[in-house]
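Engineer: Put together the whole structure using the sequences plus the hints.
For the sequence shown, the residue numbers in UniProt numbering are 1 to 112.
If you are wondering where the hints come from, they were derived from the structure by calculation, not from laboratory data.
Check the hints yourself; a few may be wrong.
Unchecked claim - Quick list of the computed label-pair ranges, beta carbon to beta carbon:
no., residue 1, residue 2, range
1, LEU26, LYS47, 25 to 35 Å
2, SER69, GLY46, 12 to 22 Å
3, PRO18, ASN49, 17 to 27 Å
4, LYS47, LYS19, 15 to 25 Å
5, ARG21, GLN64, 28 to 38 Å
6, GLN64, ASP41, 18 to 28 Å
7, GLN33, PHE68, 33 to 43 Å
8, ILE73, THR37, 21 to 31 Å
9, THR102, LEU26, 16 to 26 Å
10, MET16, LYS47, 13 to 23 Å
11, LEU36, MET16, 14 to 24 Å
12, THR106, SER69, 17 to 27 Å
Said to hold, decoys possible - List of simulated lysine to aspartate or glutamate pairs, DMTMM-like, C-alpha gap at most 20 Å:
no., residue 1, residue 2
13, LYS19, GLU80
14, LYS19, ASP35
15, LYS98, GLU75
16, LYS19, GLU99
All residues carry an ideal CB built from backbone N, CA and C; glycine is no exception.
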Amino acid sequence: MYLSMLHHVRFYLPEMYPKLRRILFLDDDIVVQRDLTGLWDIDMDGKVNDAVEPCFGSFHHYVQYMNFSHPSIKESFSPEACARAYGMNFFDLDAWRKEKCTEHSTTAGRLW
1 MYLSMLHHVR
11 FYLPEMYPKL
21 RRILFLDDDI
31 VVQRDLTGLW
41 DIDMDGKVND
51 AVEPCFGSFH
61 HYVQYMNFSH
71 PSIKESFSPE
81 ACARAYGMNF
91 FDLDAWRKEK
101 CTEHSTTAGR
111 LW
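Structural biologist: Right, here's the structure in full:
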């Protein structure tokens, strides 16, 4: 697994860009081969994030990334659920702010 000092910067996007309503976050190894303008027409139905789920075989399941010995994690997540790929994420920053995702992610980070 690749980790960078900037790995968690995405959790602070609403604070970094307070005037933006939506943002497309691409990792530096993503190659864009077509126009992505259509993403702004997606109805996210109040959801915070649209992302790719790369679940195949035994790869990218929560059990590989989360501490399921902690009761809060065990109660809140399924170990076999698919984790999302962070390479390309489309965030609704208004929904993010409303749901206080930054606050929740920094609190939950102690459980990982």
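Engineer: Let me make sure I understand: some of the numbered hints might not hold for this structure. Which ones are they, in numerical order?
Structural biologist: 1, 2, 6, 8, 13, 14, 15
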